[in-house]
Amino acid sequence: MPKLSDTMSVGTLVKWNIKEGQKVAFGDILAEVETDKATMELSCTVPGTVLKIYAPAGSQLPVGDPICAIGKAGEAAPDPKGKPVAPKAAAAAPIPETTGIPCIPAAPAASAAPAPQSDASRTSASPYARRMAEKAALNVAALAGTGPGGRVVARDV
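Numbering (this note's numbering), first residue to last: 1 to 157.
Heads up, some of the hints might be wrong.
[Claimed, not checked] Think about it this way: if two alpha-carbon atoms lie no more than 16 Å apart in a straight line, the pair counts; the simulated EDC-like pairs of lysine to aspartate or glutamate are:
| no. | residue 1 | residue 2 |
| --- | --- | --- |
| 1 | 52 | 65 |
| 2 | 3 | 41 |
| 3 | 3 | 20 |
| 4 | 23 | 65 |
| 5 | 19 | 34 |
Treat the hints as calculated values from the structure; they're not laboratory data.
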């Protein structure tokens, strides 16, 4: 059960919008959850196939309890207590362990942050001053800025 408000300690699953075996995509509405303040839609954060629904509609669960498992089709649904449940059809290859809980997003892949542009390659200028300079076919970097911190402003163009 995800924490949907600052004061939420338990939530009630009002209605499921999915079934076991159904494919879901990022943003699909999985269920409606009633909190201490409102009824909210729970959207999918992990695309895949619904492997197991752990709590039926009407269940009241504390924050942090798993409500369903999402993974690859045919994969074993993890036991809510941490042990994988045997899949319906026996698989010959070992099944990789997954969290499969839609409320806990997968760790984002490490990606290189874009390198910040150096001050020499980018002149500080207001958007309006940039548009004016572009219309007048002027290079903003060639202008002397009189605005705060040497920023090029409209009167400099």
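Here's how the hints hold up against the structure:
no.	hint	verdict
1	52 / 65	holds, 14 Å
2	3 / 41	holds, 12 Å
3	3 / 20	violated, 23 Å
4	23 / 65	violated, 22 Å
5	19 / 34	violated, 19 Å
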